[in-house]
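Protein sequence lines correspond, in order, to chains F and H. Numbering follows this note's numbering, with no gaps: position 38 of the first sequence is 38. Numbering follows this note's numbering, with no gaps: position 244 of the second sequence is 1244.
No lab work stands behind these hints: they were computed from the structure. Warning: the hint list may mix true and false statements.
As a list, the in silico PhoX-like pairs of lysine-lysine whose alpha-carbon atoms are at most 20 Å apart [what the hints assert, rightly or not]:
id : chain 1 : residue 1 : chain 2 : residue 2
1  : H       : K1126     : H       : K1170
2  : F       : K240      : H       : K1126
3  : F       : K126      : H       : K1170
4  : H       : K1170     : F       : K115
5  : H       : K1240     : F       : K126
6  : H       : K1240     : F       : K240
7  : F       : K115      : H       : K1045
8  : F       : K189      : F       : K170
9  : F       : K45       : H       : K1151
10 : H       : K1045     : F       : K45
11 : F       : K45       : F       : K240
Take a look, some chain F residues computed to stay more than 12 Å from chain H by CB distance [claimed, not checked]:
id : residue
12 : P107
13 : K151
14 : T232
15 : S239
16 : Q257
Note that the structure is predicted; figures quoted are calculated from it, not measured. Glycine included, each C-beta is placed from N, C-alpha and C at the ideal position.
Protein chains: 2
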Amino acid sequence: MSVKDKTQVVGFLGPEGTFSELAARAYFDNSTTEAPEYSSWRSIKEVFLAVSQQHCDVGVVPVENSSEGAVTETQDCLDDSDLRIVGEIILPISQNLLVSKEHADTPISKIVSHKQSLAQCRGWLKEHYPHVQLEECESNAVAAEIASTHKGVAVIASSQVVEPYGLMIKSEDIQDFLHNSTRFLLLSKYELPSLSHGQSDFKTSLVLRAENSPGALYGILGPFALLGFDLTRLESRPSKTVAWEYIFFIDFLGDYQALEDSGLFSQLEAVTSGLKCLGSYVTLFDGRSN
Amino acid sequence: MSVKDKTQVVGFLGPEGTFSELAARAYFDNSTTEAPEYSSWRSIKEVFLAVSQQHCDVGVVPVENSSEGAVTETQDCLDDSDLRIVGEIILPISQNLLVSKEHADTPISKIVSHKQSLAQCRGWLKEHYPHVQLEECESNAVAAEIASTHKGVAVIASSQVVEPYGLMIKSEDIQDFLHNSTRFLLLSKYELPSLSHGQSDFKTSLVLRAENSPGALYGILGPFALLGFDLTRLESRPSKTVAWEYIFFIDFLGDYQALEDSGLFSQLEAVTSGLKCLGSYVTLFDGRSN
């Protein structure tokens, strides 16, 4: 039994048509069991709450883009909540410039999109539309709706929104970096039985707090290096309790069992003032297992 | 001769009324020499360009907030450009809910602000205006202008914009964390003579690239720990060339001379594939020297 088999309702960062919905469907639509229900939530925080309050079995939120970096709201929510990370899916992100079919010939006077999408196309926009006003909005789907009803307004979004909003593609694959991908996390209130427990392709996520003293971070990284664990990511975030103090998010290759068996966990406990395991999980690439 | 004495034109992240302008004025207005001219630029990237193309002597941009974390656009620009960090000022950030004086009694139906300001007041907004629509816009000053001309629209901003936009304070000091401060960097095309060369309160900023191999970051932090340098910050950013590879921004206490004399620089060169010093500089707190 795995994450896929146990899941009836999947919440995602909405509205419909976002990359989070694409990620959720890519993860669950290949499931051999019955397709789950999907529910859309207005913010990352609301997805966390919906899972926590059991309106959903699993929540899907973005956590990092390969060119734009961390989604800090997701990290802050991970630290605050007691949800577990039970899976991860990496989705290639292709951005497109879309306009209303009806007003396709109107010159573009404004381009709207989510800030992450605008940031991913910054270079392209500067080259092709240097003088057009850019406007951030809360999601690409909301932007698509605006573009569908306002003459001269284009949107940057996935091709997913073309059909439902009566849009057409004006320029395709406009992201600045071809390797543009986003990592999405699957969150659950309970530890779900893993897809392939014991295999070496598990990843484990930790949040660590350390005293603000010289060499503190070096002391944290020591046990990983000396025991041969490969860090895939280290991200610092403000502690939110004391100005200019930080907490650290660390991902490494290995499962929870390896963390305990190797002595890593107890060695980390000795050099941190707080240590929380967010989950051990397997990464899927665009719906395919690694 | 110091940064203050040599500066005739100061560019800042505009428009007028932003915290960047407050920071620029707090830094230069206490100067003993003639007050500089100030010029406003539309984006962080434009401030970098303006300094690089010598439209300004110094540029002022935000780099980190104590509760919301890094301003990633500034970090990416620092890596791309050849500007030097020649100073830093830390400004306490007080956020306020402001409404148009004229329509002060109209119920609030929408709150607009820059995303960082909205994020800094997330908890307060949820408690006091849970059902009011929130809208991001490019700066608090632009938001102030919208609020001044639209009935029922409030803005989150510094009290600085009250006067010029005909607003009034509805709620004061609404940021979620009382210690809310932002660090602003001063950028220059040329290394300016330092304010207090040789003193111990210098900070130095580096960007480092390392091979993507187990223990690589541990290897980078080793020389700092073993030579007794105190890291004040470590931030990872996507390398932008290979997906899921990172570069590291490191700040530590000490000046460039100490970096060379101690052997730290040559030790770092041995464990990195790229090493760039962004500058050594002194921190001012709200216009006062530390």
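> Holds or violated: K45 (chain F) with K1151 (chain H), Cα cutoff 20 Å?
Replying inline: 29 Å, violated
>> Beyond 12 Å on every Cβ pair: is that true for Q257 (chain F) relative to chain H?
In response: 19 Å, holds
> When you check the alpha-carbon spacing of K240 (chain F) and K1126 (chain H), does it fall within 20 Å?
Replying inline: 18 Å, holds
> Are K1126 (chain H) and K1170 (chain H) close enough, with their CA atoms no more than 20 Å apart?
Replying inline: Judged against 20 Å, a Cα distance of about 16 Å means the pair holds.
>> So if I understand the rule, the pair passes when the alpha-carbon distance is 20 Å or less; does K126 (chain F) with K1170 (chain H) pass?
In response: Not satisfied, since the Cα-Cα distance of roughly 39 Å exceeds 20 Å.
>> Quick check for students: does the CB of S239 (chain F) sit more than 12 Å from each CB in chain H?
In response: 9 Å, violated
> Under the criterion that the straight-line Cα-Cα distance not exceed 20 Å, is the pair K1045 (chain H), K45 (chain F) satisfied?
Replying inline: Outside the cut-off at roughly 30 Å; violated.
>> Over 12 Å from every CB of chain H: does K151 (chain F) meet that, or does the non-interface label fail?
In response: 21 Å, holds
>> Just to be careful, I want the Cα atoms of K189 (chain F) and K170 (chain F) compared with a cutoff of 20 Å; is the pair within it?
In response: 42 Å, violated
> Are the Cα positions of K1240 (chain H) and K126 (chain F) separated by 20 Å at most?
Replying inline: 18 Å, holds
> Under the criterion that the straight-line Cα-Cα distance not exceed 20 Å, is the pair K1170 (chain H), K115 (chain F) satisfied?
Replying inline: Measuring from Cα to Cα gives roughly 29 Å; hence the hint is violated.
> Against chain H, does T232 (chain F) keep a CB gap of more than 12 Å to every residue?
Replying inline: 7 Å, violated
Of the numbered hints given earlier, the model fails hints 3, 4, 6, 8, 9, 10, 14, 15; all others are met.
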